[in-house]
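Peer 1: Turn these sequences into a full structure, and let the hints guide you.
Protein chains: 2
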Amino acid sequence: MQKKIMLYDTTLRDGTQGEQVNLSAEDKLKVAHRLDEMGITYIEGGWPGSNPKDARFFSMARSVSFKNAKLTAFGSTRRFGVTPENDPSIQAILEAETPAVTLFGKTWDLHATEILGVTLEQNLEMIEDTVRYLKKEGREVIYDAEHFFDGYKNNPEYTMKTIAAAQAGGADIMVLCDTNGGTLTHELKAIMDAALPQISLPVGIHVHDDCGLSVANSIMAVLCGASMVQGTINGYGERCGNVDLLAVIGNLQLKMGYQCIPCENMKNLTDLSRFISEVANVPPVNQRPFVGKSAFAHKGGVHVSAILKNSRAYEHIDPETVGNRRRVLVSDLSGKSNIEYKTREMDIKLGEAASDSAKIVNIVKSLEDKGYQFEAAEGSLELLIKKITGQFREPFALESLRVTMEKDGDNDSTSQATIKISVGDEKEITAAEGDGPVNAIDNALRKALNGFFPVIGEMKLVDFQVRVIEGADGTGAKVRVRIESRDSNEIWSTVGVSENIIEASWQALVDSVQYKLLKEEKNRA
Amino acid sequence: MQKKIMLYDTTLRDGTQGEQVNLSAEDKLKVAHRLDEMGITYIEGGWPGSNPKDARFFSMARSVSFKNAKLTAFGSTRRFGVTPENDPSIQAILEAETPAVTLFGKTWDLHATEILGVTLEQNLEMIEDTVRYLKKEGREVIYDAEHFFDGYKNNPEYTMKTIAAAQAGGADIMVLCDTNGGTLTHELKAIMDAALPQISLPVGIHVHDDCGLSVANSIMAVLCGASMVQGTINGYGERCGNVDLLAVIGNLQLKMGYQCIPCENMKNLTDLSRFISEVANVPPVNQRPFVGKSAFAHKGGVHVSAILKNSRAYEHIDPETVGNRRRVLVSDLSGKSNIEYKTREMDIKLGEAASDSAKIVNIVKSLEDKGYQFEAAEGSLELLIKKITGQFREPFALESLRVTMEKDGDNDSTSQATIKISVGDEKEITAAEGDGPVNAIDNALRKALNGFFPVIGEMKLVDFQVRVIEGADGTGAKVRVRIESRDSNEIWSTVGVSENIIEASWQALVDSVQYKLLKEEKNRA
Chain A
0 MQKKIMLYDT TLRDGTQGEQ VNLSAEDKLK VAHRLDEMGI TYIEGGWPGS
50 NPKDARFFSM ARSVSFKNAK LTAFGSTRRF GVTPENDPSI QAILEAETPA
100 VTLFGKTWDL HATEILGVTL EQNLEMIEDT VRYLKKEGRE VIYDAEHFFD
150 GYKNNPEYTM KTIAAAQAGG ADIMVLCDTN GGTLTHELKA IMDAALPQIS
200 LPVGIHVHDD CGLSVANSIM AVLCGASMVQ GTINGYGERC GNVDLLAVIG
250 NLQLKMGYQC IPCENMKNLT DLSRFISEVA NVPPVNQRPF VGKSAFAHKG
300 GVHVSAILKN SRAYEHIDPE TVGNRRRVLV SDLSGKSNIE YKTREMDIKL
350 GEAASDSAKI VNIVKSLEDK GYQFEAAEGS LELLIKKITG QFREPFALES
400 LRVTMEKDGD NDSTSQATIK ISVGDEKEIT AAEGDGPVNA IDNALRKALN
450 GFFPVIGEMK LVDFQVRVIE GADGTGAKVR VRIESRDSNE IWSTVGVSEN
500 IIEASWQALV DSVQYKLLKE EKNRA
Chain B
0 MQKKIMLYDT TLRDGTQGEQ VNLSAEDKLK VAHRLDEMGI TYIEGGWPGS
50 NPKDARFFSM ARSVSFKNAK LTAFGSTRRF GVTPENDPSI QAILEAETPA
100 VTLFGKTWDL HATEILGVTL EQNLEMIEDT VRYLKKEGRE VIYDAEHFFD
150 GYKNNPEYTM KTIAAAQAGG ADIMVLCDTN GGTLTHELKA IMDAALPQIS
200 LPVGIHVHDD CGLSVANSIM AVLCGASMVQ GTINGYGERC GNVDLLAVIG
250 NLQLKMGYQC IPCENMKNLT DLSRFISEVA NVPPVNQRPF VGKSAFAHKG
300 GVHVSAILKN SRAYEHIDPE TVGNRRRVLV SDLSGKSNIE YKTREMDIKL
350 GEAASDSAKI VNIVKSLEDK GYQFEAAEGS LELLIKKITG QFREPFALES
400 LRVTMEKDGD NDSTSQATIK ISVGDEKEIT AAEGDGPVNA IDNALRKALN
450 GFFPVIGEMK LVDFQVRVIE GADGTGAKVR VRIESRDSNE IWSTVGVSEN
500 IIEASWQALV DSVQYKLLKE EKNRA
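Protein sequences, first through last, are from chains A and B. Those letters in the first sequence? Residues 0 to 524, per numbering that gives the first Met the number 0, in order. Those letters in the second sequence? Residues 0 to 524, per numbering that gives the first Met the number 0, in order.
Since the hints were derived computationally from the structure, they do not count as laboratory data. All values reported here derive from a predicted model rather than from experimental measurement. It is possible that some hints are incorrect.
One copy or two, it doesn't matter: identical chains are merged, so the pair holds either way.
[Claimed, not checked] No more than 27 Å apart at the CA atoms, straight line, and that leaves these computed lysine-lysine pairs for DSS-like: (1) Lys369 <-> Lys52; (2) Lys29 <-> Lys369; (3) Lys2 <-> Lys152; (4) Lys254 <-> Lys152; (5) Lys188 <-> Lys2; (6) Lys188 <-> Lys254; (7) Lys364 <-> Lys52; (8) Lys386 <-> Lys29; (9) Lys2 <-> Lys521; (10) Lys348 <-> Lys477; (11) Lys518 <-> Lys364; (12) Lys426 <-> Lys477.
Peer 2: Below, the structure is given as structure tokens:
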């Protein structure tokens, strides 16, 4: 039988301590549902004593029943000088009404004396009687030994006394934390080997990525005997972040034979990563192990020609195992293999293959020189290839475009666009308003085209990104606009580049609409 | 004496195989200079046989003398059926005229037979005679044993035969590569322990981050006896990237007593990371260990109040050691400690401290709810706090703003802005053109203000970022604009939020100008 590892997710608490990670109480509930479906064992919902949002989350969560996960509320040992009964933040933990609670206590002598300002003995009492009180109140108590490894390096004897205090209080699980993320993998192993014989409870590990070692440290802890791993989805968290649970799952479950989540959920790892990134509104890290957009992206010509023969040549696992996919990038490092793979993927017929591929490679390289990037705008790339090979004719042409934006004093601004297009011999002129100039153009373009191509009513713009290409020219710099659009069965991306953000947006918008019309043509064919 | 580790940087070759990483030959030369100044031992400049850009880089580099680093040219063993003398890509390596060359050969039997399509014996000959030829031509030969660990797992005997062939040919350094990035740290140790006794040369390690273990694997290899680490700055590279040399340096040099670069250069690590990110035009990863913008950023209230007492409480090293800095973030997780730290940092006097801080926290939280983010816009935050506490009065007011953008057919678009402002009782109306609407507003605002505040002539906009806040509304979504400005002694960032990109840009521009005027006021005081 496979050894089971309990996963403990703290995206909703430690994760939101990461820079730019903000989740509303409603967002948190959405995330908790997804984590539950995924098969996560414990979900730390927040710190009810520290802010009203977390308290509100727990009050909403009370009416929810989770299929797999236990919800936990987080907090610290009681304050000095009060009993747990009289400590409002301990009471807030109880009011969260979760089956399990997670209590952190000071393990490093420096923290007890300098940060809390209590004696070493008083800290031990605060640990033991808070744990005992929460047990008496019927909670499962997960004890987070904050700064365990730093404490052990500084004063191993005292550190182990704090562990003994939590055990004496009745804790259920003992979590060893590398709170500052400064512990090296071989140090972690040496400390765990020395400490584990003195711990009679199941052990967990909680690490941060300040040395870039969080995944290695979590795996090492499991090899040393830990049966719980705490972390966050996408590695969000204070400073460099907590360990990324997705990478932990990928390694433990696919490569080491542990069971973290049900096997059938492995293929949802990539979706989960993207979902959390979207809810948190943090741009995804493309290089993220296992689930990143680039994790199985091949750019060098040698790599591409090899994976066409056998994908194991440059892939450590099959990307589909984790719901990711292989991508071949077209750039100035591309050889003909890249273009040929790509055109096959897009189902484009090349004429006399060698000369067509060479022509495409040249045009792509020269546009990339000007700031276009087709790696992330495959809709524009497909249109470009079809135009180059004479397989697509532009369905409409711009005659003229006027955009105005007006603002008076502190009032809201207004935006209008007037557009004139031609479709064959027919011309159409129309105008529209919008929330901003790009939205006004989008509305006007759809209005103008609607009579000719009603099918564009099915498509919708879902994302709009702007990136300044040359970092040094302020508002006069070139910008690249990337638009993501969708209809009921596909998402596609297009790109535009100009010194004028409106013009760059216009190019990407036109490509987006043309791509939709191209799809229709294919469907009719 | 400290043990010296040779650093081998492949940002210019393997790094550019990363998605969205593109460097011109001129960029590469700039990067090589910085790496040389930093004290990197070897700089791999490119693969001259694979693309004309790399060949051009080497021809430019010929006239450059590096202080510390040796430049290397990269390539593969000769093709089957030709001698090295007759293989154009081997000749291209020689034409690069570098003191050292890096040759990769197939170590994994699967690659020899399935990808190259040669027999195992033929592959050994290709390795041995290519190395011998390059040695005869007077080059130092660094041999990259591609897929060493995968090869060893599959067929250890054959793998070691390929190593023996490179040794027999006369290679100077033997680099063991985890090309696919799929090797776990304990597997890497076991394989190195078994293989090293059979290798008589200095050993290097080259790993990728597909399992999130690249830093741990590089450190483990050094502990096993490797004396060279290959990697890239910021971990750029194929798929999930190569190991990030900056994290390797941070750990080996600050925590393990090895010498990688001269001690006095440690404080330049953060600058190097940002420089490479800027040249490559890839947005920096804030969570990056040691050098990321968030690496020493504290958000949770408990963390902030603790580091005010002793920064070791939540920092594994002093950020200044690597040229980074401590940051306290203000967000909805902030307590009064965060605001008080921040105002002290900004040298703002709070009136009756408790009530001012509470008021500021509330306004910040409500604006962040609407999409503002002050973590990365400290100029706007300082203005906001000074406005809330009555320490800053807006120096000018907008009366009206009109922006137009016109485009006819395929011609370039034109943009114009008309602006009317008031300064006290005086009014000024003016107009300007620009490369796009935001640039036109920027130009018009400066023109209008110039007579009143000539000091704004000193400031310059250096970056302009746009981010869509709500992912699901396409061009009608809210956008956040962030502007970075500088004068001769400071860089500051400001933010604007609106559904209208022009309006959001306007807010950020106004804050940027007001911040400059605020600085002037402070200087005069």
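Peer 1: For every hint, state whether the structure bears it out.
Peer 2: We went through each hint and held it up to the structure:
no., hint, verdict
1, Lys369 <-> Lys52, "between (47 Å within a copy, 16 Å between copies)"
2, Lys29 <-> Lys369, "between (41 Å within a copy, 20 Å between copies)"
3, Lys2 <-> Lys152, "between (30 Å within a copy, 24 Å between copies)"
4, Lys254 <-> Lys152, "between (31 Å within a copy, 13 Å between copies)"
5, Lys188 <-> Lys2, "both (20 Å within a copy, 23 Å between copies)"
6, Lys188 <-> Lys254, "both (20 Å within a copy, 16 Å between copies)"
7, Lys364 <-> Lys52, "between (50 Å within a copy, 11 Å between copies)"
8, Lys386 <-> Lys29, "neither (43 Å within a copy, 37 Å between copies)"
9, Lys2 <-> Lys521, "neither (50 Å within a copy, 64 Å between copies)"
10, Lys348 <-> Lys477, "neither (34 Å within a copy, 41 Å between copies)"
11, Lys518 <-> Lys364, "within (26 Å within a copy, 45 Å between copies)"
12, Lys426 <-> Lys477, "neither (32 Å within a copy, 33 Å between copies)"
When held up to the earlier numbered hints, the structure conflicts with 8, 9, 10, 12 and fits the remainder.
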